[in-house]
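Undergrad: Residue numbers (my numbering), protein chains in the order written: chain A, 1 to 310; chain B, 1 to 221.
Simulated from the structure, these hints should not be mistaken for lab results. For every residue, glycine included, the Cβ atom is placed at its ideal position computed from N, Cα and C. Hints should not be assumed to be uniformly reliable.
Unchecked claim - Derived contacts from chain A toward chain B, CB cut-off under 8 Å, selection only:
#1 R49
#2 L52
#3 I54
#4 L55
#5 E76
#6 Y79
#7 G80
#8 P86
#9 G88
#10 A89
#11 Q90
#12 Q94
#13 Q99
#14 F104
#15 T106
#16 H108
Unchecked claim - Here are the simulated lysine to aspartate or glutamate pairs, DMTMM-like style, with alpha carbons at most 20 Å apart:
#17 B:K10 <-> A:E98
#18 A:K17 <-> A:E212
#19 B:K217 <-> A:E74
#20 A:K72 <-> B:E94
Stated by the list, open to error - Pairwise CB distance ranges (calculated):
#21 A:D2 <-> B:P197: 51 to 59 Å
#22 A:K131 <-> B:L205: 41 to 49 Å
#23 A:N40 <-> B:L139: 48 to 56 Å
#24 A:N113 <-> B:F156: 35 to 43 Å
#25 A:Y177 <-> B:P197: 55 to 63 Å
#26 B:L205 <-> A:Y29: 42 to 50 Å
#27 A:K309 <-> B:N213: 43 to 51 Å
#28 A:Y29 <-> B:P197: 56 to 64 Å
#29 A:Y29 <-> B:E94: 27 to 35 Å
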Amino acid sequence: MDKHIDASNIDFTYDNKQLVLHNVSLSTYQGESVGLVGPNGAGKTTLVRVLLGILYPTKGNIQIFEYNPLDKKEREKIYGQMGYLPEGAQVYPQLTLEQYIELFKTLHEVEDNSIVEELLEMFDLQDVFKKKLGIFSKGTKQKAKLLTILIHSPRLLIMDEPTDGLDIASKEETIEYMRKLKKEGTSMLIATHDPYVVESLCDRIIMINKGEIVFEGTTKQLQDITQNEPCYVIELMKEIEKEKLEEILNNLPNSQKFSIEGATIKIWTDDENLVKDVYKKFVDKGLIVKNFERVLPTFSQAYKNFLEKL
Amino acid sequence: MLKKVMAIAKTDLLCSKILVLMYFFMFGLGFGFLYGLITRFTQLSEFYYNIYLQQMAFLGGGVTALTLPFGFLLIDKQIRAAEMVLTSGIKPFEYIFSKWINGVFFGIVIGYTYLIVFTLLTLPLYVQYGNISVWLYVLLITIIFASLGVTLGVIFTKVDLLRKILLIIFLIVLPILLFSLSFLIKKTGIFFKFLIPILLVYSLLCLFLSVRNIEIKDFVV
Numbered sequence: 001m002d003k004h005i006d007a008s009n010i011d012f013t014y015d016n017k018q019l020v021l022h023n024v025s026l027s028t029y030q031g032e033s034v035g036l037v038g039p040n041g042a043g044k045t046t047l048v049r050v051l052l053g054i055l056y057p058t059k060g061n062i063q064i065f066e067y068n069p070l071d072k073k074e075r076e077k078i079y080g081q082m083g084y085l086p087e088g089a090q091v092y093p094q095l096t097l098e099q100y101i102e103l104f105k106t107l108h109e110v111e112d113n114s115i116v117e118e119l120l121e122m123f124d125l126q127d128v129f130k131k132k133l134g135i136f137s138k139g140t141k142q143k144a145k146l147l148t149i150l151i152h153s154p155r156l157l158i159m160d161e162p163t164d165g166l167d168i169a170s171k172e173e174t175i176e177y178m179r180k181l182k183k184e185g186t187s188m189l190i191a192t193h194d195p196y197v198v199e200s201l202c203d204r205i206i207m208i209n210k211g212e213i214v215f216e217g218t219t220k221q222l223q224d225i226t227q228n229e230p231c232y233v234i235e236l237m238k239e240i241e242k243e244k245l246e247e248i249l250n251n252l253p254n255s256q257k258f259s260i261e262g263a264t265i266k267i268w269t270d271d272e273n274l275v276k277d278v279y280k281k282f283v284d285k286g287l288i289v290k291n292f293e294r295v296l297p298t299f300s301q302a303y304k305n306f307l308e309k310l
Numbered sequence: 001m002l003k004k005v006m007a008i009a010k011t012d013l014l015c016s017k018i019l020v021l022m023y024f025f026m027f028g029l030g031f032g033f034l035y036g037l038i039t040r041f042t043q044l045s046e047f048y049y050n051i052y053l054q055q056m057a058f059l060g061g062g063v064t065a066l067t068l069p070f071g072f073l074l075i076d077k078q079i080r081a082a083e084m085v086l087t088s089g090i091k092p093f094e095y096i097f098s099k100w101i102n103g104v105f106f107g108i109v110i111g112y113t114y115l116i117v118f119t120l121l122t123l124p125l126y127v128q129y130g131n132i133s134v135w136l137y138v139l140l141i142t143i144i145f146a147s148l149g150v151t152l153g154v155i156f157t158k159v160d161l162l163r164k165i166l167l168i169i170f171l172i173v174l175p176i177l178l179f180s181l182s183f184l185i186k187k188t189g190i191f192f193k194f195l196i197p198i199l200l201v202y203s204l205l206c207l208f209l210s211v212r213n214i215e216i217k218d219f220v221v
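If we strip away everything but chain A, and leave its shape as in the complex, we get (with noise of 0.2 Å):
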């Protein structure tokens, strides 16, 4: 697979005092999207504007497409192939979307108009279209400046808080229109705080804090390292007395933690063999076992985790 952005030991500081950004190297291959996510400060919308050439880092290589966004030349070439949505950008208010989608065609050399009325439509705009963008809510103006990034159907898309200020169904219209382009080789790098776009639509995510990167992998291992101690949950078909259960799960070899909701039983244990023996009991007794998994925790409490042990 192509490599999109390949970007190897990255400093950058603003005011040669304090680094921003500290050996950050990261990439993305074609039909990929990456998750950066970080606490608030931690340097990601920086680590976008040097990857775009907007900064210059003070130590670091970095490719797009093969091209140096540091030198001006080579830039052009790549900001005609990548869509980039800064994060707070505001639309023009005096203009009406069709207005604003004219300047973004002709910016982007973009003469054909079936995909604009394709994402006018897959962002439900074309009610709007004539309407000036000073009187659309947050949602809708985020929605304009989504489809202005796509119209010229990029094969990078750069973007800061996408997700900013969407409804639910928005929301995944969008993610869902985004794994399509996916599926079509267009890579992603999603700057983000929104659980549901990096558990949905995010196949690896760099976690920042304080201008390094902490982590990098999918959202499952990390939800598997910041796992204190894994969870098993064993549910019944049916709800049977908690008195009967309990005399099994207390007379297993170490003093467990568990816990018994109706018909669903928690154990917290290491040693996967002794829930497998829990499962293998319960079957032996005549119970009807309706699911067995290990539980891991949400991406937001992995997340949480992850930055307290930091």
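For this one, chain A is given, so just place chain B on it according to the hints.
TA: Chain B in isolation, oriented as in the chain A frame:
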């Protein structure tokens, strides 16, 4: 390139049409007309009356040309629209050029409208307005002030100390030039003929120096 520049210029035009109308009525026609009438009632000679009207055309066009590019640059940066526009394939120089074009365009519109309106209102003076140099001066003055407006906008978007010092110098020089301009054009047209080319070279030099090393980061909050 020109297509992209004109697209941004058109956007600014659409965004500022109310503002320009306000300029036109308040500063251009309203103030100018009153100014013209007052001078008329004070029984000035036709020559001075003519000069007063020309002065308003120059100032109307000049001030519009100065303030619009300056305002566009600052607002675009403030609302973070510049970051989005500049990463869509347009070069910073082209972006700046679009603002300059806007300043010149609106300056000419206001300046020439002024001349036309007063030509119509003061038909006996038509011969004097018919002098091509008056129309040329309005064009040159809008170019001068649009260049200064862009320079001012670029300087304001930058924050380093050296440029702040330059800004202060620039802000001192500019009023002196304005004062000289208004003073000299009252006196005689000969000084004016020299002043315009000098100001033109000065403003284009300012524009060139300010745009020379312009970067996208200068327009990013």
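Undergrad: Determine for every hint whether it applies to the structure shown.
TA: Against the structure, the hints come out as follows:
1. R49: holds, 7 Å
2. L52: holds, 6 Å
3. I54: holds, 5 Å
4. L55: Check passed: Cβ of A:L55 comes within 6 Å of chain B, closer than 8 Å.
5. E76: holds, 6 Å
6. Y79: holds, 5 Å
7. G80: Status holds, d = 5 Å.
8. P86: The hint holds - A:P86 has a Cβ within 8 Å of chain B, the shortest such distance being about 5 Å.
9. G88: Hint holds; A:G88 Cβ to chain B Cβ min 6 Å, cut 8 Å.
10. A89: With Cβ-Cβ at 4 Å, under 8 Å, it holds.
11. Q90: holds, 4 Å
12. Q94: A:Q94 check passes; min Cβ-Cβ to chain B is 4 Å, inside 8 Å.
13. Q99: Cβ of A:Q99 sits 6 Å from chain B, so the hint holds.
14. F104: With a minimum Cβ separation of about 6 Å from chain B (threshold 8 Å), the hint on A:F104 holds.
15. T106: holds, 4 Å
16. H108: holds, 6 Å
17. B:K10 <-> A:E98: The given pair, whose Cα atoms are some 13 Å apart, holds under the 20 Å limit.
18. A:K17 <-> A:E212: holds, 16 Å
19. B:K217 <-> A:E74: With Cα atoms ~17 Å apart, B:K217 and A:E74 stay inside 20 Å; holds.
20. A:K72 <-> B:E94: holds, 13 Å
21. A:D2 <-> B:P197: 51 to 59 Å: holds, 56 Å
22. A:K131 <-> B:L205: 41 to 49 Å: The hinted range 41 to 49 Å holds for A:K131 and B:L205, with Cβ atoms some 45 Å apart.
23. A:N40 <-> B:L139: 48 to 56 Å: holds, 51 Å
24. A:N113 <-> B:F156: 35 to 43 Å: Because 38 Å falls inside the window, the suggested range holds.
25. A:Y177 <-> B:P197: 55 to 63 Å: holds, 57 Å
26. B:L205 <-> A:Y29: 42 to 50 Å: holds, 49 Å
27. A:K309 <-> B:N213: 43 to 51 Å: holds, 45 Å
28. A:Y29 <-> B:P197: 56 to 64 Å: holds, 59 Å
29. A:Y29 <-> B:E94: 27 to 35 Å: holds, 32 Å
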